[in-house]
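Peer 1: With the hints as your guide, set chain C onto chain A.
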Amino acid sequence: MIREIWYTFIDFLQTFGKLQLFFVRLVLNSPSVFLRRGGLIIKQIHNAGAMSLVIIMVSGLFVGGVLGLQGFSILSKFNAEDSIGTFAAFSLVKELGPVITALLFAGRAGTALASEIGLMKATDQLSAMEMMAINPLQRVLVPRFLGGVISMPMLTAIFIIVGLFGAHMVGVMLLGVDEGAFWQQLQSTLEMRDVYEGVFKSVVFGIAASLFAVWEGYNAIPTAEGVGRATTRTVVITAITVLILDFMITAVFLR
Amino acid sequence: MNENSDNLIEIRDLSYSRGHREIFKGLNIKIPRGKVTAIMGPSGTGKTTLLRLITRQLLPDSGTILVEGTDISTLNQKELYRLRRRFGMLFQNGALLTDISVFENVAFPLREHTRLPNRLIRHIVLTKLHAVGLRGAADMMPTQLSGGMARRVALARAMVMDPEILIYDEPFVGLDPISMGVIVRLVRKMNDALGISSILVSHDVQEIATVADCSFLISDGKVAASGSPDELHNTSSELVRQFMHGMADGPVAFHFSAPNYAEQLLGRDAE
Numbered sequence: 001m002i003r004e005i006w007y008t009f010i011d012f013l014q015t016f017g018k019l020q021l022f023f024v025r026l027v028l029n030s031p032s033v034f035l036r037r038g039g040l041i042i043k044q045i046h047n048a049g050a051m052s053l054v055i056i057m058v059s060g061l062f063v064g065g066v067l068g069l070q071g072f073s074i075l076s077k078f079n080a081e082d083s084i085g086t087f088a089a090f091s092l093v094k095e096l097g098p099v100i101t102a103l104l105f106a107g108r109a110g111t112a113l114a115s116e117i118g119l120m121k122a123t124d125q126l127s128a129m130e131m132m133a134i135n136p137l138q139r140v141l142v143p144r145f146l147g148g149v150i151s152m153p154m155l156t157a158i159f160i161i162v163g164l165f166g167a168h169m170v171g172v173m174l175l176g177v178d179e180g181a182f183w184q185q186l187q188s189t190l191e192m193r194d195v196y197e198g199v200f201k202s203v204v205f206g207i208a209a210s211l212f213a214v215w216e217g218y219n220a221i222p223t224a225e226g227v228g229r230a231t232t233r234t235v236v237i238t239a240i241t242v243l244i245l246d247f248m249i250t251a252v253f254l255r
Numbered sequence: 256m257n258e259n260s261d262n263l264i265e266i267r268d269l270s271y272s273r274g275h276r277e278i279f280k281g282l283n284i285k286i287p288r289g290k291v292t293a294i295m296g297p298s299g300t301g302k303t304t305l306l307r308l309i310t311r312q313l314l315p316d317s318g319t320i321l322v323e324g325t326d327i328s329t330l331n332q333k334e335l336y337r338l339r340r341r342f343g344m345l346f347q348n349g350a351l352l353t354d355i356s357v358f359e360n361v362a363f364p365l366r367e368h369t370r371l372p373n374r375l376i377r378h379i380v381l382t383k384l385h386a387v388g389l390r391g392a393a394d395m396m397p398t399q400l401s402g403g404m405a406r407r408v409a410l411a412r413a414m415v416m417d418p419e420i421l422i423y424d425e426p427f428v429g430l431d432p433i434s435m436g437v438i439v440r441l442v443r444k445m446n447d448a449l450g451i452s453s454i455l456v457s458h459d460v461q462e463i464a465t466v467a468d469c470s471f472l473i474s475d476g477k478v479a480a481s482g483s484p485d486e487l488h489n490t491s492s493e494l495v496r497q498f499m500h501g502m503a504d505g506p507v508a509f510h511f512s513a514p515n516y517a518e519q520l521l522g523r524d525a526e
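In order, the protein sequences belong to chains A and C. No gaps in the numbering here: position 196 of the first sequence is 196 in my numbering, and each next residue is one more. No gaps in the numbering here: position 231 of the second sequence is 486 in my numbering, and each next residue is one more.
Think of the hints as simulated: they come from the structure by calculation, not from any bench. Treat each hint with caution, since some may be false.
[Unchecked claim] Label-pair distances were calculated between CB atoms; the ranges are: (1) C:M396 <-> A:M51: 45 to 55 Å; (2) C:R523 <-> A:Q14: 41 to 51 Å; (3) C:S328 <-> A:V54: 42 to 52 Å; (4) A:K18 <-> C:H275: 17 to 27 Å; (5) A:Y7 <-> C:Q312: 23 to 33 Å; (6) A:W6 <-> C:D468: 29 to 39 Å; (7) C:Q312 <-> A:D194: 42 to 52 Å.
[As the list claims (entries may be wrong)] One side of the interface only, derived from the structure: several residues of chain C facing chain A at Cβ under 10 Å: (8) N348; (9) R412; (10) M445; (11) L449.
The model shown is predicted, which means the values in this text are computed figures rather than measured ones. All residues carry an ideal CB built from backbone N, CA and C; glycine is no exception.
Pulled out of the complex, with its shape left as it was, chain A reads as follows (with noise of 0.2 Å):
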């Protein structure tokens, strides 16, 4: 039993490791992608990012107008409406922006690429680039990972835009918030740092989400069992690791 866990313990170690040195290689390889192969790259945030745009701005426009609702049922306690740009701003900018793009990040664009990578090992396509003398780390593997980490700030930004629309929508539009109150205050208390603080968190989490995708697609079994399974994972441990590098990067950035 102790064995068993201390076994478990060391395979997690060793994968943790394996990881570690698959980004190092994603990273030393970006460069002469950027520089050879930026046709790839643009096709990639074509994949990963202009295919996830319907997702993210339906998912924005519904969580800023429930921010409007929630914002104004709670803020009408203490006759604060008026504060409910505010509210839905920090909200966005500063938490729900970064962590629900990356989880629908995941959901759309991180599944796709861990598939697609896992078919194209199932199906003997990156042994026949190997047998090329084409390395499929520069071929497939860095300009998806490049896509997706250039993607998620970008519609990490779209989302919140939407959000906060949204919440307009709800809150000035349908219960009759002041709109000069709305912006205002928003800008007011809305600091750089905030701001700062989402974008870092959004950077984040796309080296996460992009990471784990390309990684479970490259290792998986590859039948087709291993490959289901793979995208399963990478939903799982996509989501789990925003969650808590979310936490980690809200208590460093609160002081």
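Peer 2: Coordinates of chain C only, in the frame set by chain A:
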């Protein structure tokens, strides 16, 4: 004369195991230059694994593999890639890149490794596709192709860099008789006309007999027999005869190891 010059690939005492299963135990093979060499064996003897070892997609547990006298385990990645550019490999299921068209698949190595103008690339690609009879399918996507067509496109891709060594992994599986005949002739013709060396992994005894110059029969992790297909056909070895003539009974067990049939049917094994 240098002994290495007539042996393209030399495998010495190769051992390789996956998990607890020993796949090769002290395998020795010499693959001659400029010939069509067939590697045969029952399913699961690790024929594909051997190809992956020769091309260093896998590393052996022990033993050495020499390609033109160079031990490939000592190469760094750059040297390995330089070596691999002289290989062309046809995978069992084609392994075409599914996100680009047939034309781009064949053009892929050219675009990656050369700076040829587009017109010339087009010319080369269409020539190779024509050789496998699929010039008309250039604009199709790999997912639209049948298994046999995909294999033929993959063959065109394997040839496109004019390799010195062509490796075929089960090239005849799932081909109709017409494309099979074409491919067999193509393998032979390319080998003789272009002076390349071919390595062929298969268990199609009949096809091997028509195309191969020499063949190795692998069984139980070792070379069980070698020689020209005719020699193998007329051999006295029980094992070789069983394989060449497709008999169920012989030294190679058709059944995976199992408890006694009658006992199991009667349910006595549970007791």
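Peer 1: Does the closest beta carbon of chain A sit nearer than 10 Å to the beta carbon of N348 of chain C?
Peer 2: Constraint on N348 of chain C satisfied, holds at 6 Å.
Peer 1: Hint says 42 to 52 Å; check whether the CB-CB distance for Q312 of chain C and D194 of chain A agrees.
Peer 2: holds, 50 Å
Peer 1: Determine whether the Cβ-Cβ distance between W6 of chain A and D468 of chain C falls within the hinted range of 29 to 39 Å.
Peer 2: Because 56 Å falls outside the window, the suggested range is violated.
Peer 1: State, for the Cβ atoms of R523 of chain C and Q14 of chain A, whether the hinted interval 41 to 51 Å holds or is violated.
Peer 2: holds, 45 Å
Peer 1: K18 of chain A and H275 of chain C, beta-carbon distance inside 17 to 27 Å?
Peer 2: Distance hint for K18 of chain A, H275 of chain C holds at roughly 23 Å.
Peer 1: Would the hint on L449 of chain C stand, with a C-beta cut-off of 10 Å toward chain A?
Peer 2: Since the shortest Cβ distance to chain A is 18 Å, the answer is violated.
Peer 1: Can the hint on M445 of chain C be confirmed by a CB-to-CB distance to chain A that is less than 10 Å?
Peer 2: violated, 18 Å
Peer 1: I want to verify a distance hint. Is the separation of the beta carbons of Y7 of chain A and Q312 of chain C within 23 to 33 Å?
Peer 2: holds, 29 Å
Peer 1: With respect to the beta-carbon atoms only, verify the hint that S328 of chain C and V54 of chain A lie 42 to 52 Å apart.
Peer 2: Roughly 50 Å apart at Cβ, these two residues keep to the hinted range, so it holds.
Peer 1: Return holds or violated for the Cβ distance of M396 of chain C and M51 of chain A against the range 45 to 55 Å.
Peer 2: Taking Cβ atoms as reference, M396 of chain C and M51 of chain A lie about 19 Å apart, which means the hint is violated.
Peer 1: With chain A as the partner, please determine if R412 of chain C meets the hint condition of a C-beta pair closer than 10 Å.
Peer 2: Hint holds; R412 of chain C Cβ to chain A Cβ min 8 Å, cut 10 Å.
Of the hints listed earlier, those the structure fails to meet are numbers 1, 6, 10 and 11, in rising order.
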